[in-house]
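We have chain G; now place chain V onto it with these hints.
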Amino acid sequence: MTQTVSREDRTERIAETMTDAAIHGRSLWRDALSRFLRNRAAVGAVIALLLVLAFVLVGPAFARFSNEEIDWALMGDVAGQGGPSLANGHYFGLDELGRDLYARTIQATGTSLTVGIIGAAVAVIIGTLYGAFAGYVGGSTDNLMMRGVDILLAVPSMFIIILLLVMFGRSFSMLFVGIGAVSWLEMSRIVRGQTLSLRNREFIEAARAAGVGTMTIILRHIVPNLMGVVVVYATLLVPQIILTESFISFLGLGVQEPATSLGALISAGAATITFGTVWQLAFPLFFFLVTIVSLFFIGDGLRDALDPKDR
Amino acid sequence: MLSYILRRLLVAIPTLLLLVVLCFLLMHAAPGSPFNSERALPPQVLANIEAKYGLDKPLPLQLWDYLVGVVTRFDFGPSFVYRDRTVNGIIAQGFPVTLTYGTISFIVAVLVGVSLGVAAALRQNTWIDYIAVGTSFSAQALPNFVMAPILVIVFTWKLGWLPGGGWNNGAWPYVVMPVIALSTSFMASIARITRSSMLEVLNSNFIRTARAKGLPARTIVWRHAMKPTMMPVVSYLGPAFVGMITGSVVIDMYFSTGGIGLFYVNSALNRDYSVMLGLTILYGALTILFNLVTDVVYAWLDPKIRY
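Chains as they are written, first to last, in my numbering: chain G, 1 to 311; chain V, 1 to 307.
Looking at chain G on its own, in the form it has when it is part of the complex:
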């Protein structure tokens, strides 16, 4: 008797879950999320990136020295006594001027992440609007706009950024302008291609028949439908911009003292390895690699999750 009850119970529960499943349809984003969560490498990368973020946000609470303060007691013998040590509070050792490398690394990681995220955001906004406009309007406007992009893409972007930095002074804001000015190009091409395939769909035609204006159609109907592609490329753009910024800072043309970035620290560390101060290279390099690799993995995972046909 009890057995039959429990069996009925179970059938009921199964029926319930089935109707539940039927009622709660799975949206594209929830589908993508579950696919993303099944990708172990991507989830691991998210955790690694969160740890780096925590290091930047919470790390300063544990620092015993500020990033500007010079430890006069040890600066005379950085190579001998300036190594990483828990006893004197310099967890990552000292840099070549006797400043605390732990505080400097936090500062640098923060700068690099900020440049990456803001740069990517600027590039994505400009690129998406430009590409969507060109693709939606079409005709000779589109032709002219995209020909301009082609020409700009034909020039090595790094040299244009450096040219801008040299001509208008090596400041932080100029770095953003320079990186932003070249990073949106690729994005605008991708977005335009997607827009071309969207603009003849029925819902756009319906919007146009209802008398909606061009800009409103682009912003309210085209752009939301591009979000999948945009999110994937934005994620892949962040590490690229961090790489670009680090490259320029490595050459000494980017972020200037007392500000610093991972590229600048790697450069300083690479210049002093002849004195045996390997930690000056190792710690910045570690955070650089963890950030870049995890962003690559996250971007890859997002692409697999949001763009299933690409696999």
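Since no wrong hints were added, every one of them can be taken at face value.
Just a few of them, taken from the derived set where beta-carbon distance is under 7 Å, the chain V residues facing chain G:
no.	residue
1	T15
2	L26
3	P143
4	P149
5	T246
6	T280
7	Y283
8	T287
Simulated coverage check for chain G against chain V, where a stretch passes if three residues somewhere in it have a Cβ under 8 Å from a Cβ of chain V:
no.	segment
9	163-174
10	244-256
11	264-270
12	285-295
If you are wondering where the hints come from, they were derived from the structure by calculation, not from laboratory data. By construction, the Cβ of each residue, glycine as well, lies at the ideal position given by its N, Cα and C atoms.
Then chain V, alone, in the frame of chain G:
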């Protein structure tokens, strides 16, 4: 085919001219003059210097003179900072070096990358595949400025096998580390692209037909699968070339190879405008030229492209 190449050339030439004009105007839009120094020069001296470099003429005339010099005589003018140097002299001195290790790096990246990718695709889901995928994924995060100091630590400091810098007329121990540092990340990308492209081709219908005909595996791979596999690889070569040209700046700086990269960085730090302008144009022209070559190769590979 010939008319296609000619048409591409017709697009490349205006692009190149636009590049020159754009860089020139950017340079002259910068505030201040290259001869502004902390101690103000007497106005007569300043006027003399400006007349010597042609800076007293109106801007359109300066641009015209520069363009004529570049196009007809391939003359980029004198350096603004070093009185005994010309931009052409710097290019003649440094460019052969950059070209030498750049070409070697490019060949190494393509050969090793493609072989690694093909090997991984043919042995999909075996340890060869896993090692190839794993190393190429992490190596993508190893740009030249990360590879260079790591290589110096390992091969110069720990093992003492290779010199940590210099060029020595291209003797091989001096070339090894620049080539490895420059090619690693591109090799990794090429391997990844080749692998996924090869896997896609191997799953396509015409390969199944070739298998059904009973062709040996070797013939299938080399005669049928290789050409379509290379198409995405060839379209990546353009960006790879740009990356390598950019990377050569780091190599020249870090390994003191004496190539043009070091002059470029120094000119950027010294605000030596004419050297910077000339080298930027050279880098840009090389890129445009190379993109032209890849476009032609792509057209030759892909029967779907009509010229």
